[in-house]
Amino acid sequence: MKKLFKYTMAVVLGAFALASCTNEYEYDAPSLTDQGGNATISTEKTAFVFVPGEDQEYVVTIARVDTTQAETISLTCDNEKFTVPATVEFAAEEKTKDVTITSNVEAGGSEVANISIAEGNAFLYGSNTVTFTVNVYRSFPGMIQSAFYGGSWQMVVYELEMGKYMIPNAFADGYDFYFDIDYTTNKVTIANQFIDYYDATYGRIRIKVSEATYDPESHLITATAKFDLPDSGYSFNGTQTVYILFGVNPQE
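Take the sequence shown: its letters are residues 1 to 252, numbered as in the numbering used here.
Think of the hints as simulated: they come from the structure by calculation, not from any bench.
Where a beta carbon is used, it is the ideal one built from N, C-alpha and C, also for glycine.
Any given hint might turn out to be false.
[What the hints assert, rightly or not] Simulated crosslink set (DSSO-like; lysine-lysine; CA at most 30 Å straight-line):
#: 1; residue 1: K45; residue 2: K81
#: 2; residue 1: K187; residue 2: K208
#: 3; residue 1: K164; residue 2: K45
#: 4; residue 1: K226; residue 2: K208
#: 5; residue 1: K97; residue 2: K164
#: 6; residue 1: K187; residue 2: K164
#: 7; residue 1: K187; residue 2: K226
#: 8; residue 1: K208; residue 2: K164
#: 9; residue 1: K164; residue 2: K95
#: 10; residue 1: K81; residue 2: K164
#: 11; residue 1: K81; residue 2: K97
#: 12; residue 1: K95; residue 2: K45
[As the list claims (entries may be wrong)] FRET-style restraints, in silico, Cβ to Cβ:
#: 13; residue 1: A70; residue 2: V112; range: 50 to 58 Å
#: 14; residue 1: E94; residue 2: T129; range: 21 to 29 Å
#: 15; residue 1: G203; residue 2: E161; range: 30 to 38 Å
#: 16; residue 1: T184; residue 2: P230; range: 51 to 59 Å
#: 17; residue 1: N186; residue 2: G247; range: 17 to 25 Å
#: 18; residue 1: D173; residue 2: D34; range: 57 to 65 Å
#: 19; residue 1: N192; residue 2: Q35; range: 53 to 61 Å
#: 20; residue 1: Q154; residue 2: G36; range: 51 to 59 Å
#: 21; residue 1: D173; residue 2: T72; range: 20 to 28 Å
#: 22; residue 1: P216; residue 2: G53; range: 50 to 58 Å
#: 23; residue 1: Q154; residue 2: A200; range: 23 to 31 Å
#: 24; residue 1: D180; residue 2: T68; range: 54 to 62 Å
#: 25; residue 1: Q35; residue 2: Y175; range: 52 to 60 Å
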């Protein structure tokens, strides 16, 4: 019983000592004014894909926490292919301002850029950096020839990535044509897609291109196109050969 009393007193005294130490410790409360600068940055979209010649433009929004006074906000960028204004001027009571940024990424290029509020202007409890990812397709001149369409016409081929291509408005407006080339076997894989072309006499003419090969010497794709007339009531089914010619070597 004496031992139990002794242990109990030891625990009580230890707890009292700990409480005493805790009460005597002085905490440094966080400063309510230590918030860094006064500005944040944001944007609605950060990933972009462009075709050659297209304007490469982006918009960021600079916002201020305290708007009572006029102020100059400085911006930084870590990629020299992006043009960013060095400063943004705010009038008193002006809270936000949209800023246009441009870039000059070459065809086939891929770039990442961080646009930031400069140190000293960045509000510590908000977003102070946006990151843009930009890709620009390579493009090649070319030509499509089809007996079904009665001739040939010029077109542009975009390289989405090495071996993967797209022809915009290939057979009709709004119908982009996707295909891959395996340069080790010269096999062409056509995306599983139907193209509906409207004819005044027959209505829809549905086209499906498949079974294509690539000739690396002439840069010519030879493909089989299957046709049917889903709206006309005719039982027409046919095939035609479609030729897609690259104007240059797509591997260079």
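Hint check:
no.: 1; hint: K45 with K81; result: holds (19 Å)
no.: 2; hint: K187 with K208; result: holds (17 Å)
no.: 3; hint: K164 with K45; result: holds (25 Å)
no.: 4; hint: K226 with K208; result: holds (5 Å)
no.: 5; hint: K97 with K164; result: violated (40 Å)
no.: 6; hint: K187 with K164; result: holds (12 Å)
no.: 7; hint: K187 with K226; result: holds (19 Å)
no.: 8; hint: K208 with K164; result: holds (18 Å)
no.: 9; hint: K164 with K95; result: violated (46 Å)
no.: 10; hint: K81 with K164; result: holds (26 Å)
no.: 11; hint: K81 with K97; result: holds (23 Å)
no.: 12; hint: K95 with K45; result: holds (21 Å)
no.: 13; hint: A70 with V112: 50 to 58 Å; result: violated (34 Å)
no.: 14; hint: E94 with T129: 21 to 29 Å; result: holds (22 Å)
no.: 15; hint: G203 with E161: 30 to 38 Å; result: holds (37 Å)
no.: 16; hint: T184 with P230: 51 to 59 Å; result: violated (38 Å)
no.: 17; hint: N186 with G247: 17 to 25 Å; result: holds (18 Å)
no.: 18; hint: D173 with D34: 57 to 65 Å; result: holds (59 Å)
no.: 19; hint: N192 with Q35: 53 to 61 Å; result: holds (55 Å)
no.: 20; hint: Q154 with G36: 51 to 59 Å; result: holds (56 Å)
no.: 21; hint: D173 with T72: 20 to 28 Å; result: violated (48 Å)
no.: 22; hint: P216 with G53: 50 to 58 Å; result: violated (28 Å)
no.: 23; hint: Q154 with A200: 23 to 31 Å; result: holds (25 Å)
no.: 24; hint: D180 with T68: 54 to 62 Å; result: holds (59 Å)
no.: 25; hint: Q35 with Y175: 52 to 60 Å; result: holds (54 Å)
Checked against the numbered hints given earlier, this structure breaks hints 5, 9, 13, 16, 21, 22; the rest are met.
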